[in-house]
Amino acid sequence: MTPTSRGPGHGRLPAAGFELCHGPRLVGRPAGEPARQAPPAPGLAAFAAEARELLGAERVLTDPTTLGLHSYDASLDSRRPDAVVVPRSGDDLRELVLAAGRGSVPWVVRGAGTGYSGGALPDAGGAVLLTRDLDRILAVDPDRRLVRCEPGVVLAELREALAPYGLRYLPDPSSYQVCTVGGNVAENAGGPHALAVGPTSNFVVSLDVVLPDGSAAEFGEEDVWRGGLDLRGLLVGSEGTLGAVRGLTLRVAPEPECSQVLVARFDEQDAAAATVERVLGIGLLPSAIDMITSAYVPGAPVHGDPSLLFIEVEGTAGEVRHQAAALTEAAAQAGGRCELLSSRAFMATRARLVKEKVRRMVTTSGRPCYYLFDAVVPRSRLTTLMAALRRRADQHDLPILNTFHAADGNVHPAPFYDPADPDYRTKLRGFLADVLADCAALDGSLSGEHGVGLEKAEFMPLFHSPRELLVMRGVKDAFDPAGLCNPGKILPEPDPAPAPQPADHGAGPVRGALRAGPGGSPALRVRTGDGAVEIGSPEVSFAAVAHALRDTGLELVHEPLGGGPESSVLAAIDRGRPALRETLAVRARDLVLSAGLAVGRQEVLTVGGSCTKDVSGYELRRLAFGGRGRIGRLTSVSLRLLPSPTDRRSLEVEAADPGQAALLCRELHRLGLPFTALGVLLDRSARVLVSGLLEVRGGTLDEPAARLRTALRHHGFELRACWSPLDSPAVTALAGASDLEHRAGQPWQLVEVLRRLHDTGGPAFASVGPGALWYPRGVVAGPDRPLSCGTSSLGSRVAAAFEV
Amino acid sequence: MTIAGTTLDRCTRCGLCLSSCPTYLETRMEHDGPRGRVWTLLAAVRDGDAPPTVDPTFWDCTGCGLCVAPCPTGVDLPAELDSLWSALNRGGPAADPGPPQPPASAAERGLETVRAHAVARLRRLDPEPPEPTGATAGAAPLIAFSPYLTALRPDAPARARRLLTALDGGGGPIDGHEAWERWAAAACGLLADDGRPTDDRRAVEALRRATPGGSTVVLLDPAASRLAAVLAPAGVEVLPLPRYLAQRHPGRWRFEPATGTELLDTAVPEDDWYAPLLDTLPEDHPRPALLPRRYAGLAGRDLQHPRTVASLRRQAEGKGRWLDGRGLLTADPRSLARHSTARFYLEGLHHD
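Chains U and B, in that order, give the protein sequences. Once you know that position 204 of the first sequence is 204 in my numbering, the rest is easy, because the numbers rise by one and skip nothing. Once you know that position 28 of the second sequence is 1028 in my numbering, the rest is easy, because the numbers rise by one and skip nothing.
Hints are not guaranteed to be accurate.
Claimed, not checked - Among the chain B residues that face chain U by a calculated CB cut under 7 Å, a handful are:
1) Asp-1009
2) Pro-1072
3) Asp-1076
By construction, these hints were calculated from the structure, which means they are not laboratory data. Idealized CB from N, CA, C, for every residue including glycine.
Please work from the sequences and hints to get the whole structure.
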């Protein structure tokens, strides 16, 4: 690891208020009501005194201005804290959580305060803990492609720090210039690039957390393979309500060789939306597809304001050339006026186009402000929702723009309002409620990236069954029995009541009702338009899924190591089987969109939903991967699909020994070719192989294959063999292992272990990318390392929350 | 104090301004960002407080204006602070407590002297400026520059005039232009910043009357940028010199930066003062790099609140340390005074 430092800490802090004073309440909104404030906790004075003792008075701010300045974020809400505290380090953070616990003072951690759902607002007053000074990038490991940092690191600074290594961190919310990694983890932030690679959760390797009781805990992606639950996956997106992150390890990716953005202008919204379908239909997987609709002003047709579509493609120069040509053709056929830009030039162009649009809207509508929220529907329902949005705009007399991550169905309606209008809040809330009801009726999700926070907690019952809400409440209680950690968020108060039916959508099923219909889920159903497959029986095998998908242009990117084509998909998910192609950012664990769980004799509980982007409430579905029956018997899953590759080549090279194979792996890894699987394989005949799979979605692999041949010829090897992922030598070699042992690291870092495994003659696969070595547990005498660590007591409490 | 007619209540708290604000980047505290300053002002309005009695950190705003472009709804905080400062000083010099601390560095002391002399000179202007004859639409443009430029690069206006005369086809000097230029300098904002709003208003109104509608004014330095707002109601086009050259005379001039020019005095790639210059450089010519945003906030108005002055000085010193002897290409005469390695852009401009 290469340590990096940002040098000395930040400069001065504002003058401290030495007294706890409750001066005049200050507004969070210009024409709105004053920031709400809960009565201060009785232990507040003692907490503040302890904090001053620990940090010095200048880091414990209680003057009215400071409290006011931390009473808002980008949402419509505001809540006033009683104290703003600036810890210097993760240890300080822990001391503060302990002190808050002693005084029963509620607390919430705040980064840059750019969240849209009120996640960092102190609903119950108490302390706001700033991550301002927890801003160190601790280490960059270019070999394993990991970065370790503190939660206050700003995304833009992370980008800058990674650039010299040719690496980048992919999640890119629009506030990346100022928002912090900690806030991104809390909200499971997405951004345009979430389309191809998924949201923040996919990149979080481990979290160092201060739990609400003040104890420290580390949650990592390995926990699942060591017998634990994926509490890491539960923590990400929990909106800071389950603990305070004080350190984290993130996975980063190499910069693409080439990237381009197609900007297409359409006169009609629907033509732009149709282009999205067409692009995905021809098997392309762009890195981002964003759209901004033309202005919609009720009763006043807006002329000359185009709908804009931005599609980014990345990869090798040849890949990008081919994909850009295919995109341009698809957009032009739908009537789009196209322009191709480099990604760098695009950023400036996009900013200009968006600003022009907003300014034009302000001029046309005479309303200078806008309110932005997010919601999701399955991709196939996007055009229906867009029509519904226009209806709702008419109904509430609100001009709207809509900017969205089109291929994920993640919309951001932006109604424009005049802050001088005394009723604007009521109008906006009414519009929000109606649009969310529409999304619920379309089997959508409450949020794809903004989170629930304060903004949408009251709408949770529209999207989640009362039982699912009770489980969420149980999870919160398992982590935070005292209810001091960012209280008042996500879950509605009082406790979940039966879902109100959407006002005028009698015909539309409420989410949840659709999933848990009479007769349960079908054994196997492909939702081609949404890019998902539903599996409702343990009998369904990977081969059966592949068969069902054969003409759809889609595939399930999961070939279970330790299983095989005939093994049960449900069993593989339940066991948390790793996949062969984990080099892709979307890994087996990230495929789960929803899960049906049978607990005791009760009706099946469904967690999650139908959308590819879904951060509504606690992400309980993540616990289904590697749940091993502990949160209930897995009866069904809905899994995300990806477009099938347009070209695929496989590589099998025999090496003399594990050392030579590992070195070759490293060399191939550094070539930057589109490998979706690559590793050192010790097969059952005691051969040492370098086994890999090259894939491309759009275009052919001729150019990368030529580069690969050149590289191998230099080593005296040749390109051989060809197999489909499910029949790959790695899957075959490990098939039948009931449990796999796991070690983290790239093959060249694990040569000694590989040698010992080779000596015992056992199969093993050391995979490049995520960096993991897999071998059957118990089949061979494994090298010295602790076996399963079992379920922690916290894990047991979380599992118990499902027994409602 | 009222918010009617201002842009302040358009703020939606999205925070997209924060990353462009040099003082926020300095501390990463909400107090020191545009969003916090807008909030503080609005809170003061609501509570009926006079701004200096609430938290005064918003006077740390350097007025650089870098927050205006990223704002989706068009909040113009520097303009609002500018008019607030004028309102506070209405009827005489600043009523605000206490003079700023004397500057520590020689450069800042130099700028103080320049400012004091300029203000004294500008106040003596009398009577009204003449309307320059020959300055109409399509004719050679008028040139305008700040009092800083006159003090720090006295030969610059003549140099610019020669360049423009050659490119615009001659016609000789315009009658009355020198008097007009003195009044333009008076309307650049220095009088207002010095707490002399009456003198400032007189200069602004006189300049508007004296400038023919449809004419073009070319600015020689960004410290004169306020003239764009001053002359907008008179129907006058105001352009920075580099932008004017790029628009009106493409291919007829060239820019040759001094050797050792490593950095541009801006953080904005499309900055009107620098982008047109770089566009003329040959492909293989080394390109000066942009400043980090935290050092790019010194080209704003000189709001003379003691905190503003202190904030500007702190940042100027930080920038000086960061430059560490590297050559800086600048259009701002104040940077020439502050940084010994700064080179003035006008000296690299030549006509073909």
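Against the structure, the hints come out as follows:
no., hint, result
1, Asp-1009, "holds, 4 Å"
2, Pro-1072, "holds, 5 Å"
3, Asp-1076, "violated, 12 Å"
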